[in-house]
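*Asks:* Residue-level listing of the chains:
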Amino acid sequence: MAALLDIRDLHLTMTTFDGVAHVLNGVALSVRRGEIWGLVGESGCGKSLTGLSISRLVPSPPANYPAGEILFEGEDVMQLPPRRMQALRGKRIGMIFQDPTTNLNPTARIGDQLIDVALAAAGHDPSVLGNAPGGRRAARALAITMLSRVGIPEPEARLASYPHEFSGGMRQRVLIAMALIGRPDLLIADEPTTALDVSVQAQILALLKGTVADHDIGVILITHNLGVVAETCSHVAVMYAGNVVERGPVAQVIGAPAHPYTRALLASVPRRETKRGELQGLPGAVPDLVRPPPGCRFAPRCPRATAACATLPKLEAVLPLHEVACYHPHLEEAALV
Amino acid sequence: MLKFIFRRLLTLIPVIVGLTVIMFAIARLLPGDPVGLAAGPNATTAERAALAKEFGLDKPIWVQYIQYVSGLAHGDLGRSLLTRRPVALDIAAYLPATLELVIAAMLIAVVIGIPLGLLTATWRNRWPDYLSQVLAIGAISMPRFFLGLLMQLVFAMWLSWLPLGGQLPIVVFPPPHVTGFITVDALIAGDTGTFVTALRHLAMPAIALSLSPLATIMRMMRASSIEVMGQDYVMTARALGLPRRKIMLKVIGRNAVSATLTVIGLYFGWLLGGTVLVETVFDWPGLGLYATKAIMAQDMMPVIGVALVIGLIFVVANLIIDISYGLVNPKVRYT
Amino acid sequence: MTEVIDLDLPASDGFARALHRFRQSKLSQVGAVLVLIVLFFAVFGRILAPYPDQVAGAVDVAAKFQPPSAQHWFGTNELGQDVLSLTMAGTTVSVLAGFGVVVIGTVLGTLVGATAGFAGGWVDEVLMRFTDLILTIPSLILAMAIAAALGPGFQNMVLAISLSWWPGYARLVRGEVLAAREEVYVTAARALGATPGRILFLHILPNCVSPIIVKMSLDMGFAILTVAGLGFIGIGVRPPIPEWGTLLSTARNYMPDNWWTAMAPGMAMFVAVFGFNLLGDGLRDILDPKGRR
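Chains as they are written, first to last, in my numbering: chain A, 1 to 337; chain G, 1 to 335; chain B, 1 to 293.
Please keep in mind that the hints were generated in silico from the structure rather than gathered at the bench.
Bear in mind that the values here come from a model prediction, so they are computed numbers and not experimental data.
Positions of the beta carbon are idealized from the N, C-alpha and C atoms, including for glycine.
Please note: incorrect hints may appear among the correct ones.
Taking lysine-lysine and the DSBU-like style, the derived pairs with C-alpha atoms no more than 35 Å apart in a straight line are [claimed, not checked]: (1) Lys-209/A x Lys-275/A; (2) Lys-53/G x Lys-246/G; (3) Lys-209/A x Lys-293/G; (4) Lys-209/A x Lys-314/A; (5) Lys-53/G x Lys-209/A; (6) Lys-293/G x Lys-64/B.
Over 12 Å on every C-beta distance to chain G, these chain B residues come out as not near it, computed from the model [unchecked claim]: (7) Ile-47; (8) Gln-71; (9) Leu-79; (10) Ala-160; (11) Ala-188.
Could you build all of it, start to finish, from the sequences and the hints given here?
*Replies:* Written out as structure tokens, the structure is:
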């Protein structure tokens, strides 16, 4: 099955007052339909920027893409003229952001906001409205359907509500409805549950999972929460300082992490059995992106680093589908899974 | 709810008292001789005394004040030495003209200023934005009376496109009085000829008056638009494929307008008292001109009356805004 | 998203930062240049005028109403006087008056506002109600009324306008003082036994200087406009003292045939106000970038 999304060797630099920061250093990511990819890493590792880059939402004067391709169903997004890109947004690629409080237009009714997205998508592909005539009315009906699908009670009445009349969880559901109403093929969710209660989190994640199953779409779930990844995702890609250092099926990467960073990350998650004082951190700090270390960016903190690590390691399969970018991966348990 | 309105209305009383006291205090400073001026240079002492008595100016000032305030309760604002008419009548005659001018000016300022502000925000840091910023400061800096003079020179005297001044030419009969706004009344009466003429007379003074508020509204709108553009929901709208125009109008525009709207109310009140110069240049028969002539003749009553009326309109307008805010937002009522 | 991430200099570099921003803002530089030119003429206008004797009142009736020429760049008026000279000399009056208005207004307003903010309680209430009352009266009419009541003359005009100008400063200073009152350094000073007056003048007010200066510079332009406006109507300074407003008013009577008599004073007005507004705007951005609205 051809990849829905294929990011190849993506490089991104951003001009800051301090200098030019190499934020993305050859990111590689592949998503197929039906797959939920978790994109994990610490703050500042570049996961959000990767997500934004797919939709080309990073403003281009301070940002610059010196190399790389983002292939969406075979087409390189980086080369598209603005109008084509706008046609993709919402219609083919949907996005959800972190904070439901600030992501909805406070002065417009929910119904209008949903309808606007639907109409914009239908402008490029009338089948969104089911090939039915009467643009706005059909969009309204679709909005009601979407609202009930994401679990909002009394959807027809709620069309007239304003965002501040909803709770956080409900707002996030509305945002998911808005992201899905155009029937996108790819959904990018940037920390969709971080701002929500744990109980609501579970519901939202279940909703996402159900959507993937129903519509056969691909999802990129950006998060720093490994628990969410373990629960919801089918695959996971681990990022560190602008590189994808490990990727593969969730069970394998989490069950038998090969990259030293992934290991450390997993080890630092407290479990029920962890006793007081046993919390494991990782010594050192994230590298300065303006003057990054040559080669593997994790090397300065890595217990297994050698001279070879001065060259950037590429992603290589240690098992079919399970890839690591490291010269000294942990292979011992990999075979056991 | 009623209690809230009542409490707010009560605040009007100290305002009226305060206003009248202050204006009377200023009148006290008058070293001049209003009676002498009004009577004319050839009046005899007896005639002057009679005039003074007729206008109650021979009594001590605090007596005059009490008489004035009690008169206020009956809607009597005293009499003008200059026009020899009750001030209330004069004001009723001249107020609509000023209101018409101010409303026209504010309309121009809002209709052009708000979209322009939104537009320049999207042009940010490119040369059209820079240019519009300079033009805006230029518009605020331009003296209104000089601009009026220039406009008269170019459009009335050299090009003869527009009339020189006044509200209507002498030969044209004003339409039947409904609102007091000649343009509106002409429309109501179905008299398009008079309507167009009135509009042509209104054009230059309204434009001259509108320039400064236009520039300020534009700058305010630009600033709030820029702030809104940095908000998350704008990013979401872009990410979900909304067309640019819709984002500008529905997302950015709607959220940026509210801050500007509050300024518009304030500006309206300020303009009301600031028409003096434009009315003088264009001979517009409004309160500004009336007050100016009174001041030059050291005629106290009209000045106090005008200040009172304008001040009251301002306070009442704020009151209405306050009350409607309370209606909309129940939390405010209990403060 | 910001274009370039702003550099976070330590507080001690405040002045350096301000200077840096000033250099970056072309508009404030242009404003500064214009203001300097205006100030230059305010000081040297009378001396530099091509026809200084006419500035003092001399007339040359034979040369009246001459259009712009090499000898008279802006032509002559109804008394044969060189319009350019009168305008140059008029700079002094207008600018000085503007300064006077702003300074007096600031002093009065600061006194009222600081007292109200610092004392609080009923003093604050009374003073602020009074301030609001003055604000309710249309300021131009108020200034006109006071000026007419006091009589013609430079000082009277300045005083009259100042009396309508101070409420803005009163409110500003009151707000600043109210906020500053809660600051730690005030509590510290009190603990050390400083008297209220000392606290107010030595500690609080110096910290309020920034917004006051910004307001003053923004007001200069409008003060000059108001002065000219009053002159235009005929209140305030009278001929033969040259003043832009009165010059324009006289010129008005001789339109359209002798239109040039209005050009010099009108343009001078515009340039002066424009310069001060640009500078004021720039100063606001430099001294108070957060307040940019």
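*Asks:* If a hint holds in the structure, say so; if it doesn't, say that too.
*Replies:* We went through each hint and held it up to the structure:
Proximity of Lys-209/A to Lys-275/A is assessed by CA-CA distance (about 33 Å); at most 35 Å being required, the pair is judged to hold. For the proposed pair Lys-53/G and Lys-246/G, the alpha carbon gap of about 69 Å is over 35 Å, so the pair is violated. Using a Cα cut-off of 35 Å, the hinted pair Lys-209/A and Lys-293/G is violated, with the two alpha carbons roughly 79 Å apart. With a CA separation close to 31 Å, the supplied pair Lys-209/A and Lys-314/A stays within the 35 Å bound.
A C-alpha spacing of about 93 Å is found between Lys-53/G and Lys-209/A, which places the hinted pair above 35 Å, so the restraint is violated. For the hint linking Lys-293/G to Lys-64/B, the alpha-carbon distance of about 30 Å falls within 35 Å, and the restraint holds. Even its closest Cβ contact with chain G, about 26 Å, leaves Ile-47/B beyond 12 Å, as expected for a residue assigned away from the interface. Under the 12 Å C-beta cut-off, the non-interface status given to Gln-71/B relative to chain G holds; the minimum distance is some 24 Å.
With a cut of 12 Å on Cβ distances, Leu-79/B stays outside the contact zone with chain G, its closest approach being about 20 Å. Not every Cβ of chain G is farther than 12 Å from the Cβ of Ala-160/B; the closest lies at roughly 10 Å, contradicting the non-interface assignment. Here Ala-188/B stays apart from chain G, with its beta-carbon at least about 34 Å from theirs, past the 12 Å limit.
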